[in-house]
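At position 214 of the sequence shown (counting the first as 1) the number is 214 in this note's numbering, and the numbers step up by one without a gap.
There could be a bad hint or two in this list.
The list that follows gives simulated cross-link-like pairs (lysine-lysine, DSS-like), each with its CA atoms no further than 30 Å apart [to be verified]:
#: 1; residue 1: K102; residue 2: K129
#: 2; residue 1: K124; residue 2: K102
#: 3; residue 1: K210; residue 2: K260
Rather than coming from a laboratory, the hints here were simulated on the basis of the structure.
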Amino acid sequence: MPYCNFFDEIDSLLTLSFEKDKWLQLIRSFYDRRYHNKDQKLTRLSFVFIGVVSTSDLIINADSTLFNISKSIEITDFKLRECQPLERGLTDFVEDTHTVMKEILKWTGGQPFLTQKICWLITKNAPIKKGSESVKIRQIILNDILTNWESTDSPEHLKTIRDRLLWQFRYPFTGSKRMKTWHQILRKKDDYNFPPPSTQILSWYLLILKRSYIIYSECNRAQKYLLRSGLVRCQNNRLVIKNEIYRAVFTEAWAKHQLKAINSGNHLRRWVLLGVGGLGLLSVFGLQCLPIEEAFPPMPEENQDQRLKNSPLNPHLTDHNL
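With the sequences and hints as input, model every part of the structure.
Listed below in structure tokens is the structure:
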């Protein structure tokens with residue numbers, strides 16, 4: 001009987017401090033023992049790494065050949081012809097399954113989780129009459145996905161993308177359980193491969209919103225991490241927003257607000273660190289603290305329909321159709 005070991009979210013290795021090459025060498029040794037020593041037991045053993053990462057990202061030693069025995073498989077988003085099983089599942093809930101699926105893909109771009117979630121939501125909001133597919137699906141997405149998405153995002157998907165973009169804001173001092181404290185980082189910084197600053201990631205994302213795309217560079221860490229977040233896709237060597245739902249959630253106003261909050265938070269954290277490190281100087285020089293409302297400005301109210309106004313789908317999705 002074959003044994004296959006699956007390692008999901010393999011890109012999380014990038015933020016761990018242990019020597020990844022040694023762990024990968026251990027896995028490679030199983031293959032070498034099978035090939036050179038003819039160990040029959042190991043012929044049943046195989047490994048699968050799943051995640052948004054290239055093999056070059058995982059290997060520290062550029063001369064290593066750990067992955068020259070592996071096969072890379074790129075998993076793409078759903079195409080319409082690949083959604084036939086989902087179409088069949090909608091037969092009892094809609095009149096025209098093919099048209100419904102095309103409307104779903106206009107919003108999701110074929111992103112597997114969102115595509116399947118909307119199919120499930122349709123079964124809860126059935127029936128959908130022939131000719132009303134566009135309006136009905138827009139209503140479902142607006143009511144069940146976009147409105148108050150941070151509190152209704154279950155199972156979590158949009159919040160996962162948000163947290164990847166704002167990792168710096170969420171973990172200003174100690175980080176997650178994968179991250180070390182600041183004094184450990186400063187003591188041996190080369191042991192840790194942290195994501196680029198959230199400000200850089202958001203700045204590139206804002207540029208995509210403004211220009212529709214940017215030319216992708218594998219040498220740019222912020223662009224690579226933005227791609228790894230799942231918010232964008234690489235298409236003909238261009239980074240573009242993955243789908244219209246992401247565009248409606250992570251708007252220009254949202255990104256600018258987060259940038260402002262991060263920059264204000266950095267200012268406040270610098271004050272805190274200076275205050276802790278130099279309490280004896282406070283009585284002589286003093287320091288000025290930001291008002292809390294300036295350090296953490298509230299997110300401005302934004303009507304959900306305003307999030308959709310720049311969507312290419314908008315001419316077909318006007319309010320009077322609701």
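Hints, one by one, checked against the model:
1. Of the pairs offered as hints, the one joining K102 and K129 holds, with about 15 Å between alpha carbons and a cut-off of 30 Å not exceeded.
2. For the proposed pair K124 and K102, the alpha carbon gap of about 19 Å is at most 30 Å, so the pair holds.
3. Proposed proximity of K210 and K260 is supported: the alpha carbons are some 18 Å apart, at most 30 Å.
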